[in-house]
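Respectively, the protein sequence lines represent chains A and B. Take the first sequence: its position 435, counting from 1, is numbered 462 in the numbering used here, and each next residue is one higher. Take the second sequence: its position 299, counting from 1, is numbered 393 in the numbering used here, and each next residue is one higher.
Simulated from the structure, these hints should not be mistaken for laboratory data. Computed from a predicted model, the values in this text were never measured in an experiment. There's no promise every hint is true.
Straight-line distance between alpha carbons at most 27 Å, and here's what the computed DSSO-like set of lysine-lysine pairs gives [to be verified]:
hint, chain 1, residue 1, chain 2, residue 2
1, B, Lys100, B, Lys355
2, B, Lys178, A, Lys159
3, A, Lys220, A, Lys207
4, A, Lys205, A, Lys527
5, B, Lys178, A, Lys158
6, A, Lys136, A, Lys447
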Amino acid sequence: MAHDESGRAYIHNVYDTLLSMEYRGGTVVVIPWLAERWEATEGGLVWTFYLRKGVKFHYSGREMTADDVVFSILRETIMAEGMGYLLVPWVDVNKVVAIDRYTVQVTLKKPCGVFEYLASYIYVVDSEEVKKNIRCPGPYGEWCDFGKGWLMEGHRSVGTGPYMLAEYVPGSHVLIVKNKDWWGTFAPRAPEKVKIVAIIDPVPTLTLMSKRELDISTIWLPPETYEELDKIEGIDVARLRLYGMYYLMMNTRKPPLDDIQVRKALFYLFDYDTFLKLMPQHEKATSIVPSNMIGVCPFPEPVEFNIEKAREELMKSKYWGQLDKYPMDITWRAPVPGEDRVGYLLATAAEQVGLKINIEKLDWLFVVEAMTRWDTPNEIEPMWITADYPEAISMIYLRWHSSSHGTVNQNEWFTEDIQKELDAKIEDALATLNKEERLRKTCELIRYIFYLYPSIFAGDFIGFKAYQTYIEWPSARGEMVGVFGWDVEYWKMNLNLEEKARLLGMK
Amino acid sequence: MIRHIKKIVKSTVFKRAIASLLALFGLSLIIFTLARIMPGDPARMALGPRAPEEIVQRYRELLHLDKPIYVQYYYWIRDLFQGKLGISLASFREVTVDIAEFLPATLELMIFTAIIQVAGTLIFGTLSGSRPGSIIDGALRVFAYVGICIPAFAWGLILQFIFSYTLGWFPATERLSPGIRVPRVTGLMTLDALINGNLNAFVDAVWHLFLPSLALALGAMAQEARILRSAMVENIGKDYVLTFMSHGLPYRTVYFKYALKPSLVSTIPVMGLDIAALIANAFMVETIYNWPGLSKFGIMAMFRKDLNGIVGVVLVAGLVYSITNIIVDVILTLVDPRIRHGGG
Chain A
28 MAHDESGRAY IHNVYDTLLS MEYRGGTVVV IPWLAERWEA TEGGLVWTFY
78 LRKGVKFHYS GREMTADDVV FSILRETIMA EGMGYLLVPW VDVNKVVAID
128 RYTVQVTLKK PCGVFEYLAS YIYVVDSEEV KKNIRCPGPY GEWCDFGKGW
178 LMEGHRSVGT GPYMLAEYVP GSHVLIVKNK DWWGTFAPRA PEKVKIVAII
228 DPVPTLTLMS KRELDISTIW LPPETYEELD KIEGIDVARL RLYGMYYLMM
278 NTRKPPLDDI QVRKALFYLF DYDTFLKLMP QHEKATSIVP SNMIGVCPFP
328 EPVEFNIEKA REELMKSKYW GQLDKYPMDI TWRAPVPGED RVGYLLATAA
378 EQVGLKINIE KLDWLFVVEA MTRWDTPNEI EPMWITADYP EAISMIYLRW
428 HSSSHGTVNQ NEWFTEDIQK ELDAKIEDAL ATLNKEERLR KTCELIRYIF
478 YLYPSIFAGD FIGFKAYQTY IEWPSARGEM VGVFGWDVEY WKMNLNLEEK
528 ARLLGMK
Chain B
95 MIRHIKKIVK STVFKRAIAS LLALFGLSLI IFTLARIMPG DPARMALGPR
145 APEEIVQRYR ELLHLDKPIY VQYYYWIRDL FQGKLGISLA SFREVTVDIA
195 EFLPATLELM IFTAIIQVAG TLIFGTLSGS RPGSIIDGAL RVFAYVGICI
245 PAFAWGLILQ FIFSYTLGWF PATERLSPGI RVPRVTGLMT LDALINGNLN
295 AFVDAVWHLF LPSLALALGA MAQEARILRS AMVENIGKDY VLTFMSHGLP
345 YRTVYFKYAL KPSLVSTIPV MGLDIAALIA NAFMVETIYN WPGLSKFGIM
395 AMFRKDLNGI VGVVLVAGLV YSITNIIVDV ILTLVDPRIR HGGG
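With the rest of the complex left out, here is chain A:
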């Protein structure tokens, strides 16, 4: 099987995590994975994980033990790269210990109600193999490069997951093969090999898919390419409900956006329906986070395109009568098809009420740089943001907690007093162990953030992926965790090779 995907799919299929998430009965639940069971004590401060026995690492064949898990948690938390950022605020690296060969105890710096989700991002590596290949010097103190250089060279995978690395051709592809010793259960006709490639261009995608040399496409093709692919016999387009949203983030420190009335007016100046026509990979937003997340509460008041209401809000603003003196910039990125049109959509409506919005093309490198400080010249920054776990608080933390300042996840830059209050509310919700109570607090947060008018909530992101119908793919039926990489769990797929042969004209 061949799949056009990013590194997230590779990691998810090659490395097992301590716990995992799964779609069950219309929702997503945390399930045992490398840990068979777990418990939280001392008010959510101490977490004990009881490991599965007999789990073997790829290549070395050594049994995974608590020492490997301890090393993996330390590695991920100290490096704080990739998904490691989720663990950093919580895990006390001095208090991660192996109680015995199959028991790990993690003491947190403060109670965490969502730690089960976060444990789904603890990727367990073969500590002996990694330690053997640590190179000095490196940025991680006594751990030098933590084995990153060796791993990045693609010598081998050091996980325990359902698939293992067979071939790595940098710049071209990665080939992974079934791990026959995997402890879990493969679907009866799960692919034996998966070739992960990186093709983002429509023509080669069309060519390879029509020749059945590519089975699942990337998510980053122009909408019209999916329409073309959909017309080919034996190809369907899956609409994947990721925990993603398209935001037009407003810098609340810069005039005129420092005035809440102006921000509210911009809510009314965005033509949501036309946006959905321009960018069909979206659905109408119903909240400040994607509607398929757990604990979502709807917008506390209607969000609509209404120029008259926008004018009314602007008239209450301190900038009324001098709006032309405060032009704003909205940016767009060249490789994103149609993104400039979003800027024009807003600018055209804004012009009718005297607001001047300039549309600026900004390359990604400059966007990243611009978002490191509040006083750089991008008043409105459009951005797709995807959350990491299904609860709404995941997106709220990623988007509006102060730890996101300086990253591409946030451009609001609330004033210190507002940010302090917001951080306290977010941290309180995250620390709440009782799920119902946490969701209630999340709902309050949604309301609180909405009334700060921080962003235009343009639409929920729907990821399109074309796929061959001879693949029975749970995610295509909507049975998925809405996180990049989790939508392609190869071990759950079934390949109907007879159907493939028929499509190729061999039967």
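Fit chain B to the known structure of chain A by using the hints.
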């Protein structure tokens, strides 16, 4: 002939090599500085936005990014004399390893492109130039205009659409078909296939090379064919050609022996530059054909602000330019006696 070659080596190659070394030194200074004044903190970009500041700072120190640019340059030059170009911030391995990994794929593409380009230029330029105003000339002129106007990546897409998607004659991507493997020796897939005695793999590799090479060759070929045509038309009208013809020499001999050779003097330098430019310009074609080449790696290095990667790729591109120019000069010296004897 041997005397000629010795003289050329002495007079041309040596001088050019010294000049090229100086040029590469200048290039390294410029690109080293430019890469460092581009926006973005390379250490932060390498470790991610959420990495703790103390780790990022340690990384900056490790890469000497906390020092003035001239000190950074000193460290870089010092490492260069030890055969190191520094650690890539994108791949986290020595840039020399990355270059060794990606360069052969691009070189192979360049070699095949050069073969198509030179052959096409000679055929089309000579055919067109020897019959100015004919139907063939007209058709080739149209082809030349179209070829020049359409960029290589568009050719890549057009060719892929026609010959892979519609007709299915050629593979759409990659260097080998699924299931075919060739142990890496040089990294040039065709050569490695021959070294391993795998003729099937050789044919398969050539089959994969054809479309991307053609896409890269077409634009330059069209331009060079136009230049060659003009030179041919000019030379055919000269007295010495008329004299040969009046003495009854066959047209073919006159055109291909006496008119083509001087006409090439203006075409060869352009050909050389076009071929050398491929190392940097093949990016889009490499992307379209999922070709793991240095050009694609270089652009990715730019996007990720991989300082050492950028400098390494630019230096290799500069080196390829220099070597190509030396080769062009040698060929010109052999072709044109005026250059050989210090005249003209």
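Hints versus structure:
1. B:Lys100 x B:Lys355: 22 Å, holds
2. B:Lys178 x A:Lys159: Holds, because 23 Å separates the two Cα atoms, which is no more than 27 Å.
3. A:Lys220 x A:Lys207: At roughly 12 Å apart (the allowed maximum being 27 Å), lysine 207 (chain A) and lysine 220 (chain A) satisfy the hint.
4. A:Lys205 x A:Lys527: 20 Å, holds
5. B:Lys178 x A:Lys158: 25 Å, holds
6. A:Lys136 x A:Lys447: 20 Å, holds
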